[in-house]
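Could you put together the complete structure from these sequences and hints?
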Amino acid sequence: LVGGQRASLALFNPSTGVLTIHDLDEEVTASIMRREMAAAGTAMEEVLMTGHVLSFADIRHSEFVDNVGLRELDIRSRAIAPLITQQGVIGTINVGSVVINDFDQTDLSLMQQLASLLAATIDNRRLLSDAQRQAYRERMVNQITQKIQGARTIDGALQTAVEELGRTLKARQARVQLGSATVNGTNGTSNGRVDGYEELGNGVP
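So the sequence shown is residues 320 to 524, counted in my numbering.
The hints are simulated quantities; they were obtained by calculation from the structure and are not laboratory data. All the pointers check out, no bait thrown in.
What follows is a list of derived Cβ distance ranges for each label pair:
| # | residue 1 | residue 2 | range |
| --- | --- | --- | --- |
| 1 | Gln432 | Thr369 | 16 to 24 Å |
| 2 | His380 | Arg452 | 43 to 51 Å |
| 3 | Arg445 | Thr487 | 20 to 28 Å |
| 4 | Leu488 | Asp377 | 52 to 60 Å |
| 5 | Thr369 | Thr440 | 21 to 29 Å |
| 6 | Glu355 | Arg390 | 19 to 27 Å |
Just so it is clear, CB atoms sit at the ideal spot from N, CA and C, and this is done for glycine as well.
The following block contains the structure:
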């Protein structure tokens, strides 16, 4: 849709300052290569900060780190569009061409539309993933609650709580402490007895 011989998608990790770049090379059909690059000093960083499309008619006149590297691949013109989600700018779409001034305003507008569509898709996937995780948590809480409520003694309820917490959180050790009474568990199983509690009748916790 957009002219150019080289295209890539870059995703930014703000905690490390690193861009993970997925390159697509037209010379190698369906070949996608993954690499990492520090964002500092790159044209992509500029787009991450401004949230605006950036284009270069001839990158030989640019000193951005990534443009310098692309010059060695005979890339001459370049366009970069931001991926803007609800969390902010998370990355960029990048295209490059061996032809000087190969991207006009129509190309840049189309790139921005494609970037917006991709960003919306990423947002939707994240919302779905968040909803699935929340549903899983609620289901686990309900299951643990039912098991605890089914215990006949407070001792049993505490032991069940330790076992289920250890299993759910994949903890090697878990502990529930009420006052001076403690129940310890290892690898999702409990050991020991809580003293000072009487058994409850009729299975009522």
